[in-house]
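Colleague: Sequence:
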Amino acid sequence: MQFSKLRALVAAGAVLAGVAMATPSFAEDKPTDNLKAPVIAVVDVQKIMQESNASKGVSKSFESLRETYQKEIASLEDKLRKSEEELRKQQTVLAPDALANKRRDFEKQVGEVQKTVQSRKRALENALNEAMAVVHKNMVEIVADVARERGANLVLARQQFVLVDTQLDVTDVVLERVNKKLPQVALTVPKQ
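Under mature numbering (1 follows the signal peptide of the UniProt record, and there is no 0), read the sequence shown as residues -27 to -1, 1 to 165, first letter to last.
Any given hint might turn out to be false.
Stated by the list, open to error - For lysine-lysine, the following DSSO-like pairs were computed, each having C-alpha atoms within a straight-line distance of at most 27 Å:
hint: 1; residue 1: K62; residue 2: K75
hint: 2; residue 1: K62; residue 2: K81
hint: 3; residue 1: K164; residue 2: K94
hint: 4; residue 1: K153; residue 2: K52
hint: 5; residue 1: K75; residue 2: K52
hint: 6; residue 1: K44; residue 2: K29
hint: 7; residue 1: K153; residue 2: K33
hint: 8; residue 1: K110; residue 2: K164
hint: 9; residue 1: K20; residue 2: K33
hint: 10; residue 1: K88; residue 2: K52
hint: 11; residue 1: K52; residue 2: K81
hint: 12; residue 1: K44; residue 2: K164
hint: 13; residue 1: K29; residue 2: K153
hint: 14; residue 1: K110; residue 2: K33
Keep in mind the hints are simulated off the structure, nothing from the lab.
Everything numeric in this text was worked out from a predicted model, so none of it was measured.
Sequences are here, hints too, so could you generate the full structure?
Modeller: Printed below as a string of structure tokens:
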């Protein structure tokens, strides 16, 4: 019995020695010259993307175009309703073949209106995404400049944290510079 306890202790000691040799000892390592203490800056990306003058201009242009498209689509839908109403009235008068032809023409019109709606929606969304990408790209460049100026080697998004020391927050500086560098961005929707 004593022998098995001794054997277990020796085995446990060997395992611990193996683990100790396999685990790097950070205390014994020499500090490297290229690792620096983090200097942190925090930026509220969401605030800049919503409150910058360029973003507000893009949003305003987007809403204006969207309203224009909505009116145009409402007009097309009104024409379709009138065509459908006319088709119902002619249902009792027309021969089955003629009615089938008229129904096919109507369904073709409906398909064309649906394509127009989808095409306009897609074009408007693409234009919005492209314009906001320009704002975002400029914001990132400005964040990098501000980080260099302040000696920050780590920039974090404000949305990731509950509390942040206001001295670390560079949002207002970045927002001011974005507004100065990029007062507006055009929302360019290709003609259709």
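Colleague: Would you mind marking each hint as holding or not holding in the structure?
Modeller: These are the hints, each one checked on the structure:
Simply put, K62 and K75 have alpha-carbon atoms about 12 Å apart, close enough for the 27 Å limit, and the pair holds. Between K62 and K81 the CA atoms are separated by roughly 19 Å; this keeps the pair inside 27 Å, and the hint holds. Restraint check for K164 and K94: satisfied, since their Cα atoms lie roughly 13 Å apart, inside the 27 Å limit. Restraint check for K153 and K52: not satisfied, since their Cα atoms lie roughly 47 Å apart, outside the 27 Å limit.
Annotation: proposed proximity of K75 to K52 holds, straight-line Cα distance about 15 Å (limit 27 Å). A distance of roughly 23 Å separates the Cα atoms of K44 and K29; the hinted pair therefore holds under the 27 Å criterion. Among the hinted pairs, K153 with K33 is consistent with the structure: their alpha-carbon atoms are about 19 Å apart, no more than 27 Å. As the CA atoms of K110 and K164 are separated by approximately 26 Å, the hinted pair is consistent with the 27 Å bound.
As the CA atoms of K20 and K33 are separated by approximately 17 Å, the hinted pair is consistent with the 27 Å bound. The suggested pairing of K88 with K52 holds, with an alpha-carbon distance near 16 Å, which does not exceed 27 Å. Taking the CA atoms of K52 and K81, the gap is near 13 Å; set against the 27 Å cutoff, the hint holds. The suggested pairing of K44 with K164 holds, with an alpha-carbon distance near 17 Å, which does not exceed 27 Å.
Distance check on the hinted pair: K29 and K153 sit about 14 Å apart at the alpha-carbon level, within 27 Å; holds. Straight-line distance between C-alpha atoms of K110 and K33 comes to about 20 Å, which keeps the hinted pair within the 27 Å bound.
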